[in-house]
Every structure is written in structure tokens, then in C-alpha cells.
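Peer 1: Sequence:
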Amino acid sequence: CSSDTILRAIKELTQENISYTSDQGKTYDFNTADKLNTLLINALVSTGELKEIEEYDVDFDHQFLETEKYDAKPTYKKFLGYRPGVYVIGDKIVYIENSDGNTNVRFHQADTHKRFFALLESQNIRVNRFRADCGSCSKEIVSEIEKHCKHFYIRANRCSSLYNDIFALRGWKTEEINGIQFELNSILVEKWEGKCYRLVIQRQRRNSGDLDLWEGEYTYRCILTNDYKSSTRDIVEFYNLRGGKERIFDDMNNGFGWSRLPKSFMAENTVFLLLTALIHNFYKTIMSRLDTKAFGLKKTSRIKAFVFRFISVPAKWIMTARQYVLNIYTENRAYAKPFKTEFG
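The opening position of the sequence shown corresponds to residue 1 in the UniProt record's numbering, with each subsequent residue numbered one higher.
A couple of the hints might just be wrong.
[Unchecked claim] Here are the simulated BS3-like pairs of lysine-lysine, each with C-alpha atoms no more than 30 Å apart in a straight line:
1. K293 with K316
2. K150 with K173
3. K298 with K51
4. K69 with K114
5. K316 with K298
6. K298 with K26
7. K139 with K245
[Claimed, not checked] Per label pair, the in silico range of CB-to-CB distance:
8. K11 with I187: 46 to 56 Å
9. P74 with E16: 15 to 25 Å
10. S46 with A9: 14 to 24 Å
Since the hints were made in silico from the structure, they are not lab data.
Owing to the predicted nature of the structure, the values given are computational and were not obtained by experimental measurement.
From the three backbone atoms N, C-alpha and C, an ideal C-beta is built for every residue, glycine too.
Model the full assembly from the supplied sequences, consistent with the hints where possible.
Peer 2: Have a look at this one:
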């Protein structure tokens, strides 16, 4: 179909924004796109990528998309754009909720989590472990996440009240992770009144030799969790796997058009984000089941390579034996398997 038809379909699928007002009286728009997010989950269930009753590890992150659309707002990264919150299971995108670029990452984030978990649970899909960055480290957000998963692992933001406890720690254990020497430890902290969690602390000696005003000769990073059994090394290594999800966003920006949004308003562009996420998920499913080597591809190949190697081949529907058959003009016999029919 033509690009005009696609753009018209995007407009028809648009859902109205939800507006929230802050304590300072400023209004921020969110777009939940409920029907398309439901479709995204249903498609993953239909293809067998998500299964009822099973438990999955979920990653959450905000992506700042640079664009100069009519309703784009200035972000803290010094450009105009939107700030969608994206949930990922494995290499599949499972939920997207868009918002104004100038929205604080914690503003009504708990409501976003509530909607996401309600959608998953309506399909009897459960969350085992949940990972997020320090933008999710607040009492309200953590309390909401804790209700819906077995364990969470959230990057803790710096807190001056904890520095004395951290500096007084003894029994640091030296571990080599990805070729880098770290010292690991953990303590129980009451980060918020009435809430006690485990704080896994990772420190690395500064190579420059310079001293930081607050942290001294080390750089400290902390992970807040309700996992009291796993070792500090296991928790740090599991959290570090979150960095691999950046490849998904790089792929969406460069291969699926997230860096070149087509419409003028956030609600319509949210539809585009979800439709391309749907295509991305189908693409990943196809690649996991296709004999990629036969087509000169890899499981991790970008969609542009897939189009060039697999799709950009001349073909024609022909009538034979009173049936239409797709006749593919190529010497590559690998096409015979995915397009095989009952009679040849």
C-alpha cells in the first residue's frame, strides 16, 4: 500500500492523550495507546514468544527521541522530542507509553507501571525479575513494581545520608567482571521510612588518582533490590546485562524509523512507535526460526540486510494445477523450505 494509506491508517488508530497536572500547576501529556499495546502483547502470545503462566525478566527504560514536531517539548538532553517509556522482554518490545519530552522521568511513572502489569496479568503472564535505572528509584514507583514481580533490581541514586554507612563498610570482596576489577559489598538500608531493602554496592578505584569530594578515591554504584539470597556478583552481573538492551533501541532508531517520526503530533507518532515495534517483534520471531545461514544472514542481522538478502528477490504468482503458486526466480534452493507447498 502507499505511504498515504499508511499515514491515514495511523491517524485512524490514534488514541487521545491523557493530561496530568503537577503540583506546580504544569500540564504534561501521556499517550497510553491501550488497544495497540494490547495487540502487541496478543501478537507475542499468538506467536508463542510469550506463554501463559510462565515467568519473564522485564527491562524498563525511557528513550528520548529527538524530533521537531509540532507538539515536541524540550528535553533535559537539550533537544526537542518525546520521552516514551519502553518495556522489553528478551529482544521483544512488549509495551510502549509515550509522553512529553519535558516530563520528569518519575512523574506518574507508577501509573505507567500499573497499566503495564495489569495488561500482562490479564494474559496470565508473570514477571520474575524487573530491571530499571535510577529514574525508577522512588518510594511510590518501587512499591508499585514490588507488587507485581518476585525480585526487582533498580540502580539507586546517590544519597548523602548513606555515604557514612558505605565508607564504614568492611569485608569488601574483590571480583573481576568483564576484565575490570571491582570491590563488592551489600548492606540492608531503610531507604524510605518503613521500607528496608538490600543495597548492593560496587566500587572501582579511580585511575586518575584524583579524589572526589564525596566519594574519595573510589567511584561507587549501587543497586537496590529485594533479592536477599543471590550473591553480590550475581546481582551485579545480572543488572549489567541490561546494557545489552540498548542494541534494541539502536535497531529501532536506525532500522525501524524511530529517529524519523512521520506525523506532527505525539498521539499519532505513538501509533507509529507501536506499529514498528510490532513489525520488529515479528521480524525477530522470523529470524529465530529461519535458516539464516542459507540466506547469508545471521540471527542478529539488521532488517535492511534481511530485506536485501531475503525479500528483494523477483517473484510472480502463477497458475498451475488450478492453484496459484509463488514462483521465485533465484538459484538459492533455500527458498524451497519456507515457501514449500503440498505439490512442490
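Peer 1: Next, verify each hint and record whether it holds.
Peer 2: Hint check:
Taken as a hint, the K293 and K316 pair is honoured in the structure, with Cα atoms around 25 Å apart against an allowance of 30 Å. Of the supplied pair hints, the one linking K150 and K173 holds, its CA atoms being roughly 27 Å apart against a limit of 30 Å. With a C-alpha separation of about 26 Å, the suggested pair K298 and K51 falls inside the 30 Å cut-off, and the hint holds. Between K69 and K114 the alpha-carbon distance is near 29 Å, which keeps this suggested pair within the 30 Å criterion.
Using a Cα cut-off of 30 Å, the hinted pair K316 and K298 holds, with the two alpha carbons roughly 27 Å apart. Note on K298 and K26: the hinted pairing is violated, with a Cα-Cα distance of about 48 Å set against a maximum of 30 Å. Of the pairs offered as hints, the one joining K139 and K245 holds, with about 25 Å between alpha carbons and a cut-off of 30 Å not exceeded. The hint said 46 to 56 Å for the Cβ distance between K11 and I187, and at roughly 53 Å that hint holds.
In this structure the supplied range 15 to 25 Å holds for P74 paired with E16, their Cβ-Cβ distance being about 23 Å. Between S46 and A9 the C-beta distance comes to about 21 Å, which sits within the given range of 14 to 24 Å.
Taken one by one, the earlier hints fail for this structure only at number 6.
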